[in-house]
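Trainee: The chain contents come next:
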Amino acid sequence: MSAQADMPVLRRSSRLSRTLLPYLLSLPALLVCIGILVPFVTAIYYSLQRYRMSQPWNRGMNWGENYLNFFTDSSFWNTLQVSLVYAGLTVGIELVLGLAIALLLQRRSRVNNFVSIMLLMPLMTAPALAALMFKLMTNPNFGILSYFMQLAGFQDFRWASSPDTALLTVILVDVWVYTPFIMILLLAGLRSLPTQPFEAAALDGVPRFEQFWRITLPMLSPYILTAALFRLLDSIQQFDIIYAMTQGGPGNRLMVFQVEAYLNFFQSTNVGRSAALLLILWAITYALSNVFVKNWLRLRERAKGGA
Amino acid sequence: MDHRSPLERVLRALALTAIVVFFMFPIFWIVLMSLQTNETILRSPPSMSFVPTLKNYAAIISGELDSNAGSMSIHFMNNLLNSVLLSVFSVALALLLGVPAAYAFARHKFRGSEDIAFTLLSFRFAPPLLVLLPLTLYFQALGLANTYLGLVWVYQLICLPLILWIVRGYFEDISPDIEHAYRIAGHGWFATFRKIALPLAGPGIAAAGLLAFIFAWNNFIFALVLASADKQPVTVGALAFVTASGIQYGQIAAAIVMSIAPTLLLALWAQRYLVEGLSLGAVKG
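Chain order of the listed sequences is A and B. Residue 168 in UniProt numbering sits at position 168 of the first sequence; the count goes up by one each step and never skips. Residue 29 in UniProt numbering sits at position 29 of the second sequence; the count goes up by one each step and never skips.
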């Protein structure tokens, strides 16, 4: 910057542009997004109203009542619980699996390269379509997974249509789609670790298991944290997989936040409650995203410093 | 690391095989289903020996599907076309808006730039329905309901933050000295941007555009809420397919295969770029 300021040729033309240009360049992108901020404010307004589309005459401000009602609303607590359990289990399983696969693929070789390309495929599949694929595979009449379960001795294993196994089924789809994402990030992390500590440990005869706990895991932890936070942010809002699989059923077994809010809006046309639900979800994701962005920026700085 | 016992090698090979089977089997099986008639799909126990047929694909392309209640016409090709239109135009618009903004954020630390950049990123993480549900009411008032224009606009929610943040990282990696040198030679900022910055950030822009395309293609919730049947992309169209009772299973499978093939092929073709984009800037190739 200072080098630029010393140039007399540039000074005249760039003073104006240097202050205005960045705003001009980012303005169009901002304008498009401001159009999106308006409905956000509207949603806050709706959440403070008694507003059912089926009863327009009854509409009016009720301030925090939608929120207060949640305290005694068992279906809200069910939604909160299902969402947290879903997010916790999917991210937990995906982290363990993703880390294990990344460790297996750490060394660059032709086979490992091939496997990691194959692993991209589920991640590139639309989650809603992945859910439909598993729906076909778990069909009681011809589904191959139902058949496998039968072979394994589970008669009448009903996958997503039974309240006992519905959660397991959607988690399976989520794990299938998103484990590769965590694997890719952790593999990138593993391959960027410096080699000296490992060489030193090998020279000292430190067992590999101990190397993993004492060196690999601590050095990889920023990557693990970033991956976990990013996935948590997505997973707590999961809609596609669950809606395509069961629309929140059977009963309200899979009523996560966004599915519940969607059905509230379109089926029971309770706009006020729907908006309040989504704002609670937004508060959770906003807090998470702040932590995530901080971690992510630190990780990027580190990646740049190492390169 | 270099000395591996034979036992370890066997275990490693077994683990890798299990991984490939787990992650590839669903795709493999759906492709197999799409090549079968209902009779062979419904065989028990399931078997992999059958005479492959392309009849399911022919039915999808012609739009005349066989169901229990006779023939019905569902134009899935229309959904495919919608997916192409929505994804292509959304990414084009996002590149047009996002690349200059990314350049501004990378080159000029102007007042509030970090806050604005974070606000744009936070759209990516906010629950989409929060914005979509009120938007349905606005769109009706504005006449944007069920138009491509309205959908492309809303798709910026996914495409724009992605492009902005990935491309910004690439611009930051280019040393500003090259640009300064070019400007001292008497070129304006736009020429500098076009001739120096854009080509240097080219791979990053390509990676971001590719990822944005795939996310737009795979999006489900936006079109589910905002589009009616004639504007729906494949993700929403395929769901209607499965729930419409009595369509032949092979034809459902064929529709799914045709819906996921474009993104999978794109990923195979450009996997290096994708991995770079997907690793959130933690790796630079």
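Be careful, since some hints might not be right.
Said to hold, decoys possible - Simulated restraints, written as ranges between beta carbons of each label pair: (1) A:I215 <-> B:A18: 46 to 56 Å; (2) A:M61 <-> B:R272: 49 to 59 Å; (3) A:L151 <-> B:N68: 49 to 59 Å.
As the list claims (entries may be wrong) - Covered stretches of chain B (in silico footprint by chain A; criterion: 3 or more residues with CB under 8 Å from a CB of chain A, positions within the stretch not fixed): (4) 20-29; (5) 195-202; (6) 258-268.
As the list claims (entries may be wrong) - Derived list of chain B stretches under chain A, where covered just means 3 residues or more per stretch with a C-beta under 8 Å from a C-beta of chain A: (7) 51-60; (8) 129-136; (9) 156-166.
None of these hints come from the bench; they were simulated from the model. Values in this document were obtained by computation on a predicted structure and should not be read as measured data. Where a beta carbon is used, it is the ideal one built from N, C-alpha and C, also for glycine.
Trainee: State for each hint whether it applies.
Mentor: Hint check results:
{"no.": "1", "hint": "A:I215 <-> B:A18: 46 to 56 Å", "in the structure": "27 Å, violated"}
{"no.": "2", "hint": "A:M61 <-> B:R272: 49 to 59 Å", "in the structure": "55 Å, holds"}
{"no.": "3", "hint": "A:L151 <-> B:N68: 49 to 59 Å", "in the structure": "29 Å, violated"}
{"no.": "4", "hint": "20-29", "in the structure": "holds (count 7)"}
{"no.": "5", "hint": "195-202", "in the structure": "violated (count 0)"}
{"no.": "6", "hint": "258-268", "in the structure": "holds (count 7)"}
{"no.": "7", "hint": "51-60", "in the structure": "violated (count 0)"}
{"no.": "8", "hint": "129-136", "in the structure": "holds (count 7)"}
{"no.": "9", "hint": "156-166", "in the structure": "holds (count 4)"}
In this structure, the hints that do not hold are numbers 1, 3, 5, 7, in rising order.
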